[in-house]
Amino acid sequence: MDLIRLERVSHAFDAAHPVLDGVDFALNAGERVALLGANGTGKTTLLHVMVGLIRPRAGSVHAFGRERRAEADFVEVRAKAGLLFQDADDQLFCPTVAEDVAFGPLNLGRSKAEAREIVRDVLERLGLGALENRVTHKLSGGQKRLVSLAAVLAMEPEALLLDEPTNALDEATRERLTDILAGLPQAMVIVSHDREVVERLATRRVTLANGTLA
Amino acid sequence: MSLVERLDPRTRLIAALLFALAEVLAPSLAAQGVGLLLAVTAALVARLPLGATLRRLLGLEGFMLLVLVMLPFTVPGHPLFSLWGLSGSEEGLRQAAGIAIKANAVAVALFALVGSMEAPVMGRALTRLGVSGRFVHLFLFTTRYLSVLEDEYRRLRLAMRARAFRPTTGLHCWRSIGYLFGMLMVRSLERAERIDAAMRCRGFTGRFPSLDDESRTGPGRLDLGFGAASAAGLALVIAVGVAWT
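First to last, the protein sequences are chains L and P.
Numbering of the first sequence is given in the working numbering, commencing with residue 1 and proceeding in unit increments.
Numbering of the second sequence is given in the working numbering, commencing with residue 1 and proceeding in unit increments.
If you're looking for bench data, these hints aren't it; they were derived computationally from the structure.
Among these hints, one or two may not hold up.
[Unchecked claim] Derived list of chain P stretches under chain L, where covered just means 3 residues or more per stretch with a C-beta under 8 Å from a C-beta of chain L:
no., region
1, 113-123
2, 138-147
3, 189-196
4, 199-205
[Said to hold, decoys possible] With the Cβ distance kept under 7 Å, some of the chain L side facing chain P (calculated, not the full set):
no., residue
5, 89
6, 90
7, 137
Ideal Cβ positions, reconstructed from N, Cα and C, are used throughout, including at glycine.
So here's chain L without its partners, still in its complex pose (with noise of 0.2 Å):
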């Protein structure tokens, strides 16, 4: 049973080059799948094309049972498939900590106590406890980074997609978050040119070049 599926996706930013030219693409459930590639292969659009950010040119999405279009349909996928952004400057907005980690869950409708519930838990589970009531963008790299993690985590995603997650992180903090990413059910999408982390986490591997996959 597929969780996304992409069949014949095209999509160009400028007609002359096409990033995508015709990809298909299924995640299923259980899987680990690492999405290598060269630089400027299309890796972050194609991820972008699974939750609705980007609109291809040709080409359907289904995701989670059905075929999705519109931004409407999107909303849906977007909760069951957490994506963690490659710059977590861009994830973390609010203020706090908390805050952040429980903007996921109150827009999914889930009550304030059930949202602060549900921060505690998975900042505890992280090992994020400590940085509950801390403002954002005073955090270092790596905290940073994990706390995005812990947003996504806290939707109760089915699949999980991450772009280079492991981009600029110093050792310390690289290994602690591939054995959390390493630890958890959801299946994967995992863009990195990090060699430990695909060879540890991943279960199949694809690679964008010329905009196909293969």
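Got chain L; can you put chain P on it based on the hints?
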């Protein structure tokens, strides 16, 4: 923790606003002077560090200096003194003194009452005082991303210096500075788009949820006490203002 920090943030905001209004509207130098004394008292209560506060004030004085020096010579009135053949008027001097006292009093009061407040706390207090949600979010986003943009500016500036750029007067310099700010704009716009995408990924559909308890706690004893003391102080400013005009 100083007395001021133990106050409800709403009390601090309201006190600062009322003080600024009273001080700016105070009609006589005597009343403005009383206001300045009040502000200094508030600063003492808030235990503001002397050095840092003076340095911050110095920035303000630098900004006002030109206006203050010009006023006695440009406002017509009874000549009081002359300098290099220009006569300075008493009215101008009074106006300059008034502006200097008012600006410093309001600045000192703001440092004392709201200077040490964290942005999230201020945002929450503003919301609870009924300020529009849109304004509060604009304020919070600004404080959140100001440092990110500043870092971006600093990185670009450093990259310029690393390639031997030195600010001079000349077309090359102006063009480079133009590129720098142009690039900063482009990056800010892209950043805004990515933040919007990240927010949509977490289910944002246009309404900001809040994690705050909406429990309507009234003012505490401390807040009432501080409110009464401030009211007495402001009444004094008004009384002095009325008596000396």
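Tested hints:
| no. | hint | result |
| --- | --- | --- |
| 1 | 113-123 | holds (count 4) |
| 2 | 138-147 | holds (count 6) |
| 3 | 189-196 | holds (count 3) |
| 4 | 199-205 | holds (count 7) |
| 5 | 89 | 5 Å, holds |
| 6 | 90 | 4 Å, holds |
| 7 | 137 | 6 Å, holds |
Going through the hint list in order, the structure satisfies each hint without exception.
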